[in-house]
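Visitor: The primary structure of each chain is shown beneath.
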Amino acid sequence: MAEVERLLGLSMIGILAGGVYGLLAVGLSLQIGVCRVLNITHGEFLMLGGVLTFTLAGLGINPLLAPVIIGPLLFGIGFLLQATLFKRIKVRAPSPAAFEGNALLAAFGVMYIISYLARLRFGTRALPSQYLTEGVPFVGINLAVNLIVGFAIAAAVGIAVYLFLTRSRLGRAIRATAEDQPTAELMGVNTNTVLALCFGLGALLAGIAGTLISMRTPVTTAMGFNNTVIALIVVTLGGLGSVPGSFIAGIIIGVASMLVAGLWESVLIVPVYYAMLMVLLLARPTGIFGKK
Amino acid sequence: MNITRLFTAHRRPLLVGFLILLMAFVFTFPLYGGAYPTRVLTTMLMYTVLAVSWVMFSGTTGYMSLAPAAFFGIGIYSTALLQHYLPFPVIIIVGGLISFALAVLLGLVTLRLKGIYFTIFSFGLVVFIGNTVNYVEADIFGRHGWYFDALDRATLLYAMLGLAVVTVLAAYFISRSRLGLAMQSIGGNEEAAEHMGVNTTRIKVLTFAISAIFMGAAGVILAPSLSYSNPSIAFSVTYSFIPIVAAVFGGMGQLHGPVIGALVFGFLEKTLRAQLLTYFMLGFGIIMVVVILFLPNGLVGLASMLRDRLGGVISKVRNGSDGEQHANT
Numbered sequence: 000m001a002e003v004e005r006l007l008g009l010s011m012i013g014i015l016a017g018g019v020y021g022l023l024a025v026g027l028s029l030q031i032g033v034c035r036v037l038n039i040t041h042g043e044f045l046m047l048g049g050v051l052t053f054t055l056a057g058l059g060i061n062p063l064l065a066p067v068i069i070g071p072l073l074f075g076i077g078f079l080l081q082a083t084l085f086k087r088i089k090v091r092a093p094s095p096a097a098f099e100g101n102a103l104l105a106a107f108g109v110m111y112i113i114s115y116l117a118r119l120r121f122g123t124r125a126l127p128s129q130y131l132t133e134g135v136p137f138v139g140i141n142l143a144v145n146l147i148v149g150f151a152i153a154a155a156v157g158i159a160v161y162l163f164l165t166r167s168r169l170g171r172a173i174r175a176t177a178e179d180q181p182t183a184e185l186m187g188v189n190t191n192t193v194l195a196l197c198f199g200l201g202a203l204l205a206g207i208a209g210t211l212i213s214m215r216t217p218v219t220t221a222m223g224f225n226n227t228v229i230a231l232i233v234v235t236l237g238g239l240g241s242v243p244g245s246f247i248a249g250i251i252i253g254v255a256s257m258l259v260a261g262l263w264e265s266v267l268i269v270p271v272y273y274a275m276l277m278v279l280l281l282a283r284p285t286g287i288f289g290k291k
Numbered sequence: 000m001n002i003t004r005l006f007t008a009h010r011r012p013l014l015v016g017f018l019i020l021l022m023a024f025v026f027t028f029p030l031y032g033g034a035y036p037t038r039v040l041t042t043m044l045m046y047t048v049l050a051v052s053w054v055m056f057s058g059t060t061g062y063m064s065l066a067p068a069a070f071f072g073i074g075i076y077s078t079a080l081l082q083h084y085l086p087f088p089v090i091i092i093v094g095g096l097i098s099f100a101l102a103v104l105l106g107l108v109t110l111r112l113k114g115i116y117f118t119i120f121s122f123g124l125v126v127f128i129g130n131t132v133n134y135v136e137a138d139i140f141g142r143h144g145w146y147f148d149a150l151d152r153a154t155l156l157y158a159m160l161g162l163a164v165v166t167v168l169a170a171y172f173i174s175r176s177r178l179g180l181a182m183q184s185i186g187g188n189e190e191a192a193e194h195m196g197v198n199t200t201r202i203k204v205l206t207f208a209i210s211a212i213f214m215g216a217a218g219v220i221l222a223p224s225l226s227y228s229n230p231s232i233a234f235s236v237t238y239s240f241i242p243i244v245a246a247v248f249g250g251m252g253q254l255h256g257p258v259i260g261a262l263v264f265g266f267l268e269k270t271l272r273a274q275l276l277t278y279f280m281l282g283f284g285i286i287m288v289v290v291i292l293f294l295p296n297g298l299v300g301l302a303s304m305l306r307d308r309l310g311g312v313i314s315k316v317r318n319g320s321d322g323e324q325h326a327n328t
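From first to last, the protein sequence lines stand for chains C and E. Using numbering that gives the first Met the number 0, you'd call the opening residue of the first sequence number 0 and step up by one each time. Using numbering that gives the first Met the number 0, you'd call the opening residue of the second sequence number 0 and step up by one each time.
These are computed hints drawn from the structure, not numbers from a lab. Fair warning: this is a prediction, and the values are worked out from it, not measured in the lab. Heads up, some of the hints might be wrong.
[Unchecked claim] Simulated coverage check for chain C against chain E, where a stretch passes if three residues somewhere in it have a Cβ under 8 Å from a Cβ of chain E: (1) 28-39; (2) 86-95; (3) 257-268.
Beta carbons: idealized from backbone N, C-alpha and C, even for Gly.
All chains, please: the whole structure from these sequences, using the hints.
Guide: Below is the structure:
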């Protein structure tokens with residue numbers, strides 16, 4: 000019985016932690032799906048969110064309020080990246096495939112810039128700014144409040160993004176641009192702004208995910224890359240451009256990681272993610288919820 | 000009559016002569032170079048192998064592979080596992096062949112996927128293999144890393160030089176063969192290539208696997224100079240990033256682009272002091288963005304652009320105003 004309870008508890012932690020992965024992946028999904036940029040800088044934005052939350056906590060600002068300041072900042076950086084760098088690459092690229100390649104390489108450069116700037120400022124040590132660490136008992140395990148609050152925030156933001164994309168006029172413009180950019184342009188959509196907006200939104204969501212993670216564990220300037228890998232796996236599992244898909248895949252990944260770590264060995268978390276990805280890509284390359 | 004004309008008229012023999020001089024320099028280097036500089040030179044050559052073999056596949060087909068570190072790590076592990084059983088040259092070949100086999104397997108599985116999915120897949124591969132090896136090594140065999148038998152540093156330098164020469168020659172001949180043309184057609188327009196009768200999947204798998212041979216062999220040769228290795232050293236993602244950075248920096252359009260890029264990058268990375276290294280990597284991020292934006296052919300493109308401009312100015316000055324219309328010829 001104790002074993003069942005332990006599994007239940009681990010799964011619960013996995014679900015709650017998975018919400019944050021989902022949020023991270025929604026941002027990346029927008030950048031890949033709409034802007035066509037395989038943005039390997041994504042994890043660095045999460046890192047920035049976490050590290051800046053730590054800085055703001057040092058100034059006495061509550062982590063829950065930190066996104067109010069960090070969010071617009073990261074949104075601005077993301078917006079400018081798309082509006083200047085990636086737009087320029089797109090204009091110059093002879094074909095969509097060439098654009099994807101060059102954008103990936105440029106994203107590489109941006110990744111180096113962000114992560115080494117952060118390293119210069121914050122070093123490589125762990126920066127603890129945990130918040131709401133007291134536990135809530137749940138079937139024989141203590142769930143930290145920050146996990147529950149983090150999941151709630153991630154879910155709320157995710158639903159807001161979903162409603163924005165499906166119900167608002169701008170959301171329709173985004174979906175139209177993702178589907179067929181030239182036609183959207185002919186219909187009067189200012190696609191340059193839409194793309195920049197999507198990229199900024201992606202960066203913003205990664206930043207919020209970073210804040211939520213910093214409430215749980217100490218952050219470091221080196222954490223970006225691993226989170227990029229996780230985000231890429233979640234996006235691929237969930238299907239490009241699907242908000243619910245990203246969340247469900249995030250939760251699957253969260254539960255899988257907790258179960259693997261709890262029952263087996265934490266070194267094997269990434270191999271298990273990867274095995275899932277491999278099976279899925281072979282069986283259904285567009286992800287669980289992806290469109291053809 | 001003048002130096003410019005001399006260069007253009009005897010370009011080939013001059014180039015060959017220059018390369019022979021360069022080889023002679025590398026060959027005699029261990030005699031007077033000292034221990035650390037020899038290692039720096041070996042690393043520079045290793046980056047050359049990685050960058051050229053990366054461009055061989057990803058540069059021409061447009062499929063961005065982030066897997067080099069996986070093959071490189073397999074090379075390091077080939078040395079670790081076989082060093083007491085086989086002579087070193089045989090291990091180099093074996094390491095290359097294991098990488099080849101793995102790349103064929105991977106290519107068959109993933110290269111049918113669209114470009115972006117292939118990149119994602121290859122991205123996770125390095126982390127996957129590294130962690131799996133870590134698990135097998137630590138939890139099943141209870142080992143923590145490997146020590147390598149020391150090998151003479153001159154031998155390692157010569158081995159790496161030989162590998163670099165073979166890699167560059169292979170890249171040269173492939174780019175001039177039917178295979179190279181087929182790859183270029185895939186990079187240009189894959190669908191059209193397929194309609195023209197190019198077996199795109201087979202071509203992609205084959206070149207991906209060929210490029211993996213050199214990456215694996217480079218790992219085998221580097222291993223002894225590491226003296227100690229464990230999964231996180233052997234499968235460090237850095238080895239996937241270096242060839243890309245070096246190739247973009249040098250320029251991917253021509254064969255000598257990645258070579259020059261890798262040599263310059265390797266030299267700077269290994270000779271700058273530690274506290275400067277962070278600034279160096281930061282600077283390289285900026286350089287990469289600038290190169291992608293303004294210099295699609297990298298350092299090499301910049302050089303030929305400057306030469307054209309300069310040549311124009313020189314002939315203008317020499318011929319007075321009459322030469323103006325020939326300035327760009």
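Visitor: Are the hints correct? Go through all of them and say.
Guide: Okay, the hints, checked on the actual structure:
| no. | hint | verdict |
| --- | --- | --- |
| 1 | 28-39 | holds (count 3) |
| 2 | 86-95 | holds (count 4) |
| 3 | 257-268 | holds (count 4) |
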